[in-house]
Amino acid sequence: MTFDARTIAKDFPILSRTIRDGKRLVYLDSGATSQKPNVVIDAESDFYRLHNAAVHRGAHQLAEEATDAYEGARSIVANFLNADIDEVVFTKSATESLNLIAYAMGNAQIGNRFHLNAGDSIVVTEMEHHANLIPWQQLAARTGATLKWFTVTAEGRLDLSNLDSLVDASTKVVALTHQSNVLGTINPLEDITRRAHEVGAVVVLDACQSVPHMPTDVKALDIDFLAFSGHKAVGPTGVGIFWGRADLLAELPPFLTGGSMIENVTMESATWAPAPRKFEAGVPNMAQAVGLGAALTYLTAMGMDNIHQHEMSLTKYLLEGLSVITDLRIIGPKTTDLRGGVVSFTLGDIHPHDLGQYLDSQGIAVRTGHHCAWPLTRKLGVPATTRASVYLYNTTDDLDALISGVQGAQKYFGR
Amino acid sequence: MTFDARTIAKDFPILSRTIRDGKRLVYLDSGATSQKPNVVIDAESDFYRLHNAAVHRGAHQLAEEATDAYEGARSIVANFLNADIDEVVFTKSATESLNLIAYAMGNAQIGNRFHLNAGDSIVVTEMEHHANLIPWQQLAARTGATLKWFTVTAEGRLDLSNLDSLVDASTKVVALTHQSNVLGTINPLEDITRRAHEVGAVVVLDACQSVPHMPTDVKALDIDFLAFSGHKAVGPTGVGIFWGRADLLAELPPFLTGGSMIENVTMESATWAPAPRKFEAGVPNMAQAVGLGAALTYLTAMGMDNIHQHEMSLTKYLLEGLSVITDLRIIGPKTTDLRGGVVSFTLGDIHPHDLGQYLDSQGIAVRTGHHCAWPLTRKLGVPATTRASVYLYNTTDDLDALISGVQGAQKYFGR
Amino acid sequence: MQLDNLYQEVILDHYKNPQHKKLNATYDAQVHHINPSCGDEITLNVTLDGDLVKDVSWDGMGCSISQASVSILTDLLIGKNLDQAQVVADSFMHLMQSKGTEKGDEELLEDAVALAGVSQYPARIKCALLGWMAFKDASVQALAKQG
Amino acid sequence: MQLDNLYQEVILDHYKNPQHKKLNATYDAQVHHINPSCGDEITLNVTLDGDLVKDVSWDGMGCSISQASVSILTDLLIGKNLDQAQVVADSFMHLMQSKGTEKGDEELLEDAVALAGVSQYPARIKCALLGWMAFKDASVQALAKQG
Ligand SMILES: Cc1ncc(COP(=O)(O)O)c(C=O)c1O
Ligand SMILES: Cc1ncc(COP(=O)(O)O)c(C=O)c1O
Numbered sequence: 001m002t003f004d005a006r007t008i009a010k011d012f013p014i015l016s017r018t019i020r021d022g023k024r025l026v027y028l029d030s031g032a033t034s035q036k037p038n039v040v041i042d043a044e045s046d047f048y049r050l051h052n053a054a055v056h057r058g059a060h061q062l063a064e065e066a067t068d069a070y071e072g073a074r075s076i077v078a079n080f081l082n083a084d085i086d087e088v089v090f091t092k093s094a095t096e097s098l099n100l101i102a103y104a105m106g107n108a109q110i111g112n113r114f115h116l117n118a119g120d121s122i123v124v125t126e127m128e129h130h131a132n133l134i135p136w137q138q139l140a141a142r143t144g145a146t147l148k149w150f151t152v153t154a155e156g157r158l159d160l161s162n163l164d165s166l167v168d169a170s171t172k173v174v175a176l177t178h179q180s181n182v183l184g185t186i187n188p189l190e191d192i193t194r195r196a197h198e199v200g201a202v203v204v205l206d207a208c209q210s211v212p213h214m215p216t217d218v219k220a221l222d223i224d225f226l227a228f229s230g231h232k233a234v235g236p237t238g239v240g241i242f243w244g245r246a247d248l249l250a251e252l253p254p255f256l257t258g259g260s261m262i263e264n265v266t267m268e269s270a271t272w273a274p275a276p277r278k279f280e281a282g283v284p285n286m287a288q289a290v291g292l293g294a295a296l297t298y299l300t301a302m303g304m305d306n307i308h309q310h311e312m313s314l315t316k317y318l319l320e321g322l323s324v325i326t327d328l329r330i331i332g333p334k335t336t337d338l339r340g341g342v343v344s345f346t347l348g349d350i351h352p353h354d355l356g357q358y359l360d361s362q363g364i365a366v367r368t369g370h371h372c373a374w375p376l377t378r379k380l381g382v383p384a385t386t387r388a389s390v391y392l393y394n395t396t397d398d399l400d401a402l403i404s405g406v407q408g409a410q411k412y413f414g415r
Numbered sequence: 001m002t003f004d005a006r007t008i009a010k011d012f013p014i015l016s017r018t019i020r021d022g023k024r025l026v027y028l029d030s031g032a033t034s035q036k037p038n039v040v041i042d043a044e045s046d047f048y049r050l051h052n053a054a055v056h057r058g059a060h061q062l063a064e065e066a067t068d069a070y071e072g073a074r075s076i077v078a079n080f081l082n083a084d085i086d087e088v089v090f091t092k093s094a095t096e097s098l099n100l101i102a103y104a105m106g107n108a109q110i111g112n113r114f115h116l117n118a119g120d121s122i123v124v125t126e127m128e129h130h131a132n133l134i135p136w137q138q139l140a141a142r143t144g145a146t147l148k149w150f151t152v153t154a155e156g157r158l159d160l161s162n163l164d165s166l167v168d169a170s171t172k173v174v175a176l177t178h179q180s181n182v183l184g185t186i187n188p189l190e191d192i193t194r195r196a197h198e199v200g201a202v203v204v205l206d207a208c209q210s211v212p213h214m215p216t217d218v219k220a221l222d223i224d225f226l227a228f229s230g231h232k233a234v235g236p237t238g239v240g241i242f243w244g245r246a247d248l249l250a251e252l253p254p255f256l257t258g259g260s261m262i263e264n265v266t267m268e269s270a271t272w273a274p275a276p277r278k279f280e281a282g283v284p285n286m287a288q289a290v291g292l293g294a295a296l297t298y299l300t301a302m303g304m305d306n307i308h309q310h311e312m313s314l315t316k317y318l319l320e321g322l323s324v325i326t327d328l329r330i331i332g333p334k335t336t337d338l339r340g341g342v343v344s345f346t347l348g349d350i351h352p353h354d355l356g357q358y359l360d361s362q363g364i365a366v367r368t369g370h371h372c373a374w375p376l377t378r379k380l381g382v383p384a385t386t387r388a389s390v391y392l393y394n395t396t397d398d399l400d401a402l403i404s405g406v407q408g409a410q411k412y413f414g415r
Numbered sequence: 001m002q003l004d005n006l007y008q009e010v011i012l013d014h015y016k017n018p019q020h021k022k023l024n025a026t027y028d029a030q031v032h033h034i035n036p037s038c039g040d041e042i043t044l045n046v047t048l049d050g051d052l053v054k055d056v057s058w059d060g061m062g063c064s065i066s067q068a069s070v071s072i073l074t075d076l077l078i079g080k081n082l083d084q085a086q087v088v089a090d091s092f093m094h095l096m097q098s099k100g101t102e103k104g105d106e107e108l109l110e111d112a113v114a115l116a117g118v119s120q121y122p123a124r125i126k127c128a129l130l131g132w133m134a135f136k137d138a139s140v141q142a143l144a145k146q147g
Numbered sequence: 001m002q003l004d005n006l007y008q009e010v011i012l013d014h015y016k017n018p019q020h021k022k023l024n025a026t027y028d029a030q031v032h033h034i035n036p037s038c039g040d041e042i043t044l045n046v047t048l049d050g051d052l053v054k055d056v057s058w059d060g061m062g063c064s065i066s067q068a069s070v071s072i073l074t075d076l077l078i079g080k081n082l083d084q085a086q087v088v089a090d091s092f093m094h095l096m097q098s099k100g101t102e103k104g105d106e107e108l109l110e111d112a113v114a115l116a117g118v119s120q121y122p123a124r125i126k127c128a129l130l131g132w133m134a135f136k137d138a139s140v141q142a143l144a145k146q147g
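Residue numbers (the numbering used here), protein chains in the order written: chain V, 1 to 415; chain R, 1 to 415; chain A, 1 to 147; chain B, 1 to 147.
Some hints could be false.
Stretches of chain R that chain V covers, calculated by requiring three or more beta carbons in the stretch to come under 8 Å of a beta carbon on chain V [said to hold, decoys possible]:
| id | segment |
| --- | --- |
| 1 | 24 to 34 |
| 2 | 54 to 68 |
Here are some chain R residues the structure puts well away from chain B; computed CB gaps all over 12 Å [claimed, not checked]:
| id | residue |
| --- | --- |
| 3 | T18 |
| 4 | N117 |
| 5 | D120 |
| 6 | A141 |
| 7 | T153 |
| 8 | P188 |
| 9 | M214 |
| 10 | E268 |
| 11 | R329 |
| 12 | I350 |
| 13 | H351 |
| 14 | H353 |
| 15 | Q357 |
| 16 | H370 |
| 17 | P383 |
The set of hints was computed from the structure by calculation and includes no laboratory data.
Note that the Cβ used here is the ideal one computed from N, Cα and C, for glycine as well.
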């Protein structure tokens, strides 16, 4: 099969709707959330129409079918990540996944390898999304551990020059993003995972912006935990993934407690089921898990390598197209070297909010602001940027629209 | 409009499918999860097909529409509960809602009214679902507070005789279910809320089994917090509600942290947006919230009073029908006085699991086991029961099928 | 085009030539407000003379709507007493919530009626209100200081 | 009807007349296992003589499948040595996972082939395995005690 974004776009019903007085929708905000193909929408609906029942809890046929569908989705996710099936936990979002690991570590008692106290440190980076920063701030505050971070260079790369001093014997966890949702920067992980494991720390990867866009192999990455959101990977809203190495999940205390995650319960106390059940309290987001399964199956059919290549060529096209616009400044790497299809920029004195509004009037959807990475945008001296982000359904037509939209905005606000 | 369950059942596509070699589906497991009407399934699909975008985050038209849909759903929920709009928090489930309040209290610092320590107590009941028991066990363990509970009488009622001694000056929170998911018992709240407020405690109501089945007015109930799950109220999976009184939500620390719930963020620390945003970190379960809005709109159109009356008459019919079966023992109140449409029973020596399996072979879906209320079933000496639960789409035909199914099982296993 | 309702000439003028955008060294109250969703920030100083708004000065960064709105505010409110200022602020708030159905009282709101178009863009209303919220906060603080 | 595959006569017989369902007062190892999803519980005692399974006794409550399965287990495994018991247990496990495609080796599994139908009911497999898991656990413990 040859990869054709124009054909692919037809699978996504929203892409044929119009915006503001009949303009074609040019959707360049997949970094915030992706659109959904019919197969995903139908997978959710079909679950409700045909198989809906509480999983793991009933002896009746619907419950069996629902359980099959739900566990089938888990095995799709496991295959997609090259993980073992029992290592895959369904959450509501990457945000929950990251809170899960931070809170679960906070629940670890003395003697548990995840237990933290005053002498310990947690290492993050200056380019984290709030979802991979604040949970660690809070964990540090609760346990007395120290929060440290890698800084970001003016080019938008991690400064790893102090890797060996920053990640030291006190480090219990290194949590970082695989790809920055502001800069597009892809972080090289090898040195970091090597150093982290050398000192006995675990590596938590925020893969929100990478899993949807490139092949992911958790074993090859040599990481310990990973989080991503379904809604950014052509999947439904309301579902995310928390993955962890089996031996670590066995030792990690639970986070949410309640039904279905227990082994035994008395009025006084409870014991836990093995992973992944230990981490899935309550009737789960079954239809959304099934929808995510359909999403990853769809992405696999399109080919994650193809998707990545397609996005790389779009990114190159966009970087080149934007580079000729006066007063336009790319925030982040200027080449496609170790970067993904998220492109942030500023445009002279035109505030991103105004630029975004003008683009919207042309049917072009981008995101403006600090992109939930406020410490980063502040550090770079650009409290707000305009961000275009591409996905498998985008074409150079979309980018041409953006480029001329930006030029149109310069005229419009230059009057 | 007259209330006609047969007509209503046509709105639920799954109810016209067949089970095990062409048997009509008799769904009597709504206590575990309810089925979904077309309007709910379509509301979710339409969101994806037409309006999907990250809420609160974009200046473009889709983001505006998504925000309108999401906030519109919030106002539907608020109206449904007679709550103020900013008091309604979307979670993934009741389980998350109950963990939210327990963890948030655990996050409260000294000086905050929710702060707990060794001298304090938490009061629950022996009839709680694990979701409203284990989070409090864990909070007690984390803070040193003492967990206490109301016991349950042989008739399946709360023993409130020691109300004034159990709920005393040390009590910080009283958490209990509105309706037992095992017994059907509806707990009278007036004395409990009065006493709790007298001693300065807050009342957390697990309304999973009541909100879907009867009119709910949080102001009239005089409670402080409430939790329920969308999936039990003809809504989508993956969405729940946490409601709290505005003044209390203002003081309650956040639970999940990340994007969109902040006021300001630096590398070192963060401050919080006002409620409900403070409690909704990350891109929310937008399509599911919209689906829940459609569900509550549907229930409102059917009439919560009608639904309640319909279920009461079904329950009466069922209790009477079951009462003539030899060896059948109802676990819970034997009349419709202060009880809902959840009916648990045992059947001589036939184990619930076997009975459930036989009923399944007849197309009848019930639940068997401890129903995630293990301390209760143990206390009552019935480690497992068979549970039938009714909803607006059930008819006396369904109950006739159950009753003759139970008799059939007696024959089958009596051979 | 509909966008012109939002970006009226007056607004772009104020954006390019913001009024009183230089913090006065002396003031009765200083506040710092933030728009958490887009990162816009404003620092605003208020000086009262009894119940007279003697001076408002500010600094900050933000979109044309937020910057123009505070610039217009300074022109409008300096020299009014607090009661009058409240009437103006209420009227402006009302206009912002009108979802495009109102044009605004030009007598009262003067240049601020140019912001009427904002009410059709829900995501932008908080931009337009940033300075007004800051003024409200600062004037309450300044008044409290008088005792 | 399909249900008859699940509830074969042999199973109901064992349910009504469970074998060795009375905990022997002496044992090398005692374990208590639970099925957390339905609340079934079993206590199981194992006595070894070298590597010979000398005695297995149990008590517990549960559905006909779980009770019959452990009852059948006692008949099957008492008197076998641990290696043989392992072969039987592996074969039984394999049968349970066969999704209805296999009938089971009657030579080896004897009455336990009556449980073949369970493999078509995924929710019931853990019922059938409860006693077998308990036996595995207990025999490992008993063996460890021999040093
Ligand atoms: C009384 C009660 N509380 C809490 C829950 C937990 O709800 P969920 O599993 O949807 O989070 C349930 C249902 O499972 C319930 O019946
Ligand atoms: C890098 C990164 N991390 C975390 C998140 C949080 O994901 P969600 O809001 O879906 O939980 C996002 C997206 O918002 C992101 O881009």
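Classify the label on A141(R) as holds or violated, using whether its beta-carbon is more than 12 Å from each beta-carbon of chain B. 20 Å, holds
With d taken as the least Cβ-Cβ distance between T18(R) and chain B, does d exceed 12 Å? 14 Å, holds
Can you take a look at whether the segment 54 to 68 of chain R is actually covered by chain V? Rule is 3+ residues, C-beta closer than 8 Å. With 8 residues closer than 8 Å to chain V, the segment 54 to 68 of chain R meets the three-residue bar; holds.
Say whether it holds or is violated: H351(R) keeps its Cβ farther than 12 Å from all Cβ of chain B. At roughly 4 Å from the nearest Cβ of chain B, H351(R) sits no farther out than 12 Å, so the non-interface label is violated.
Is Q357(R) truly not at the interface, in the sense that its beta carbon sits beyond 12 Å from all beta carbons of chain B? Contrary to the label, Q357(R) does not stay out of reach of chain B, its closest Cβ about 7 Å off (not over 12 Å).
Under 8 Å between beta-carbons, do enough residues of the segment 24 to 34 of chain R, three at least, approach chain V for the coverage claim to hold? holds (count 5)
Against chain B, does H370(R) hold up as non-interface, every C-beta pair farther apart than 12 Å? 4 Å, violated
Can we trust that D120(R) is non-interface, i.e. its beta-carbon lies farther than 12 Å from all of chain B? Given that every Cβ of chain B is farther than 12 Å from that of D120(R), nearest at about 31 Å, it holds.
Interface exclusion of E268(R) relative to chain B, criterion Cβ beyond 12 Å: 43 Å, holds
Chain B versus T153(R) - minimum CB to CB distance exceeding 12 Å, so not interface: Holds, since 21 Å exceeds 12 Å.
Say whether it holds or is violated: P188(R) keeps its Cβ farther than 12 Å from all Cβ of chain B. 29 Å, holds
Should the label of N117(R) as a non-interface residue stand, given a Cβ cut-off of 12 Å to chain B? Fine: 32 Å to the nearest Cβ keeps N117(R) off the interface.
The earlier numbered hints that this structure contradicts are 12, 13, 14, 15, 16, 17.
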